[in-house]
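> Could you put together the complete structure from these sequences and hints?
Each residue of the first sequence is one higher than the one before, counting from 3 in our numbering.
Source of the hints: derived by calculation from the structure; they are not laboratory data. Treat the hints with care, as some may be off.
[Stated by the list, open to error] Below are the EDC-like pairs computed for lysine to aspartate or glutamate, each with C-alpha atoms no more than 20 Å apart in a straight line:
id: 1; residue 1: Lys-320; residue 2: Asp-432
id: 2; residue 1: Lys-405; residue 2: Asp-432
id: 3; residue 1: Lys-281; residue 2: Asp-322
id: 4; residue 1: Lys-393; residue 2: Glu-442
id: 5; residue 1: Lys-169; residue 2: Glu-122
id: 6; residue 1: Lys-340; residue 2: Asp-269
id: 7; residue 1: Lys-470; residue 2: Glu-410
id: 8; residue 1: Lys-303; residue 2: Asp-315
id: 9; residue 1: Lys-136; residue 2: Asp-432
id: 10; residue 1: Lys-73; residue 2: Glu-30
id: 11; residue 1: Lys-193; residue 2: Glu-238
id: 12; residue 1: Lys-73; residue 2: Asp-53
id: 13; residue 1: Lys-345; residue 2: Asp-373
[Claimed, not checked] Estimated spans, in silico, between C-beta atoms of each pair:
id: 14; residue 1: Tyr-327; residue 2: Asn-203; range: 43 to 49 Å
id: 15; residue 1: Glu-534; residue 2: Arg-258; range: 47 to 53 Å
id: 16; residue 1: His-355; residue 2: Lys-19; range: 35 to 41 Å
id: 17; residue 1: Arg-258; residue 2: Gly-342; range: 21 to 27 Å
id: 18; residue 1: Asp-474; residue 2: Ser-520; range: 40 to 46 Å
id: 19; residue 1: Arg-52; residue 2: Val-220; range: 55 to 61 Å
id: 20; residue 1: Lys-320; residue 2: Ser-520; range: 55 to 61 Å
Glycine included, each C-beta is placed from N, C-alpha and C at the ideal position.
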Amino acid sequence: MVSWEGCNVMSTLVAQKQLAALIASALEQIIDQGMLNISDLPEINLEIPRDKSHGDFASNIALVLAKPAGKKPREIAEMIVENIDDQKFIDKVDIAGPGFINFFLSDQWLYNVLERIEAEKLDYGSSNFGAGEKVLLEFVSANPVGPMNIVNARAAAIGDTLARLFKASGYFVATEYYVNDAGVQTEIFGKSLLSRYRQINNPDYPFPDDGYPGDYIVDLAHELLNQNTALDWMTEDEQIEFCRTWGIDRMVDSQRQDLLDFNVKFDRWFRERELHQAKALENIIKILTERGYIYEAEGAKWFRSTAFGDDKDRVIIKNDGTYTYVTADIAYHYDKLKRGFTKLIDLLGPDHHGYIGRMKAAVQALGYSEDTLEILILQYVALLRDGQQVKMSKRAGEFITLKELLAEVGKDAARYFFIMRSLDSHLDFDLTLAAEQSSENPVYYIQYAHARICSIIRQAGAQSIAVKSVKDVSLQLLNHETEIDLMKKLAELPEEILLSTIERAPHRIARYALDLASLFHSFYTHCYIIGEKEELRDARLVLISCVRIVLERVLTLLGVSAPERM
RNA sequence: GCGCCUGUAGCUCAGGGGAUAGAGCAUCGGACUUCUAAUCCGAGAGCCGCAGGUUCGAAUCCUGCCAGGCGCGCCA
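Encoded structure:
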């Protein structure tokens with residue numbers, strides 16, 4: 003049994019849980035009295051009504067029960083309300099509309115929120131929901147033969163924030179970037195680099211037909227020249243191999259640096275070559291063969307992925323004896339599983355959606371459940387400049403790289419813009435707006451709220467006014483409408499973090515940050531702080547200090563900085 | 001042809017069974033002798049792509065259609 007002693011409600015999550023328990027016990031009493039005849043209780047959900055006149059929380063339970071119970075919704079609602087135990091934290095309970103039960107809570111629960119924020123600081127909103135489950139989040143994994151593009155950038159921002167959300171929700175998370183450094187593409191890359199290297203002294207040296215045209219390879223060639231390597235004494239094959247490994251290492255280094263500049267740090271950069279060196283591909287084929295999912299046909303070896311619902315079986319060893327990329331990918335995922343991760347999440351671009359079936363099949367063929375692997379598909383990004391779409395052609399070597407994006411709009415705006423839309427949304431990224439440092443830009447709007455609070459606290463400090471502890475101020479003075487709204491929003495953070503994690507929806511946090519900033523700005527214009535009487539001033543300082551903590555918290559989740567001055 | 005995503009205010013997007021459908025931008029009108037006007041307050045603006053169905057209740061779920069984006073290799 004839940005104890006109702008004291009008023010321990012301190013977030014919307016807790017409030018909803020407690021109200022649901024109250025309704026459940028009311029229903030039990032009604033059923034015991036024989037007033038209601040239903041076989042089993044449905045789940046009781048509390049929602050926060052859009053309209054404030056509908057209370058702090060509302061339940062539709064009476065409407066849901068109307069049919070199975072064969073009674074009118076309002077009649078059921080009345081019985082429930084009559085049987086709800088009186089609680090100190092409930093001001094009143096109304097029945098409204100077709101049969102909604104609306105709960106109006108005493109403001110005390112909001113003051114408890116401030117106490118909790120003061121106690122937990124930047125941990126406020128965290129939970130142990132994940133119970134330490136080991137999750138491996140793989141994202142970006144861009145080919146190392148070229149610079150990272152705008153979709154990679156979106157994946158980086160979203161993947162990184164998802165990782166932060168999983169951590170906040172009590173999971174053990176590791177992030178990985180898978181480097182395809184073993185395929186045909188890297189060989190073409192090696193040839194391209196060697197050709198550019200030769201062209202420095204011999205402009206007529208041929209460039210491979212299928213070579214990579216970008217200028218970055220020319221830059222790499224000049225860097226290679228300055229390295230004074232033993233390249234010229236090698237055979238042709240050795241030269242290509244050297245260019246490949248040296249060049250890929252340089253590409254990976256620069257990708258790693260670009261991502262660090264974007265506030266994205268991977269726990270591990272996993273090289274495909276490690277799998278080959280460890281004979282992991284041979285091993286995975288052996289395992290799948292033993293399990294009976296490999297067969298030979300048309301001179302190749304196939305993985306029977308259709309056994310688990312895939313559209314067609316997949317070639318795993320080509321008729322020329324080499325492996326397909328799927329083979330390495332299965333080996334990589336098996337490696338993840340062997341390392342003890344019980345949940346694998348891959349964040350991929352929309353061109354990879356056909357990949358879901360075969361990889362889920364592979365995981366199952368290896369003896370794991372289908373939902374061990376979760377593949378999130380990210381939709382494309384269209385870049386706009388001055389309202390016009392920026393055309394990008396990879397073949398012509400024209401595309402905006404992550405590095406260029408950061409130079410143009412900055413890390414904070416870029417992160418926010420990528421995260422503010424749901425994964426499913428085909429994002430229109432407005433470069434002009436993102437680069438603008440004005441009120442039209444939501445990033446600055448949120449950061450400005452944080453900087454404003456810091457400024458007030460600085461001003462107060464200059465007048466020797468310190469921010470007191472929550473328990474030393476008169477919280478009941480915080481009763482202005484904008485103050486109540488602000489505290490309600492603070493109360494929502496734990497729920498928001500949890501839902502953002504469960505729904506894999508980082509955009510919810512971006513929106514929450516914007517809403518909180520908006521409520522603060524509104525409060526700021528309606529309520530003074532430093533000029534007010536001491537008691538009210540101190541209470542308000544506590545309030546804005548809590549708002550500041552939560553703003554810093556959500557900005558950190560987004561990977562955006564929380565400036566103290568602007 | 002098959003698969004995935006999308007279609008909501010002039011624009012970009014939230015909401016994904018519940019009460020009068022929301023936000024930002026844009027437009028229009030107001031607010032600075034005091035803590036940052038990078039702000040606030042207010043107004044107008046919508047057959048929620050179309051047509052059926054399920055439901056006490058559908059923007060939300062199901063079916064079909066229309067439109068846009070992206071896939072459907074022994075490429076990665």
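> Take the hints in turn and mark each one as holding or not.
Hints, verified against the model:
no. : hint                          : verdict
1   : Lys-320 / Asp-432             : 44 Å, violated
2   : Lys-405 / Asp-432             : 17 Å, holds
3   : Lys-281 / Asp-322             : 18 Å, holds
4   : Lys-393 / Glu-442             : 25 Å, violated
5   : Lys-169 / Glu-122             : 16 Å, holds
6   : Lys-340 / Asp-269             : 17 Å, holds
7   : Lys-470 / Glu-410             : 42 Å, violated
8   : Lys-303 / Asp-315             : 10 Å, holds
9   : Lys-136 / Asp-432             : 37 Å, violated
10  : Lys-73 / Glu-30               : 17 Å, holds
11  : Lys-193 / Glu-238             : 10 Å, holds
12  : Lys-73 / Asp-53               : 27 Å, violated
13  : Lys-345 / Asp-373             : 8 Å, holds
14  : Tyr-327 / Asn-203: 43 to 49 Å : 36 Å, violated
15  : Glu-534 / Arg-258: 47 to 53 Å : 51 Å, holds
16  : His-355 / Lys-19: 35 to 41 Å  : 37 Å, holds
17  : Arg-258 / Gly-342: 21 to 27 Å : 25 Å, holds
18  : Asp-474 / Ser-520: 40 to 46 Å : 29 Å, violated
19  : Arg-52 / Val-220: 55 to 61 Å  : 58 Å, holds
20  : Lys-320 / Ser-520: 55 to 61 Å : 57 Å, holds
Comparing the model with each numbered hint stated earlier shows that hints 1, 4, 7, 9, 12, 14 and 18 do not hold.
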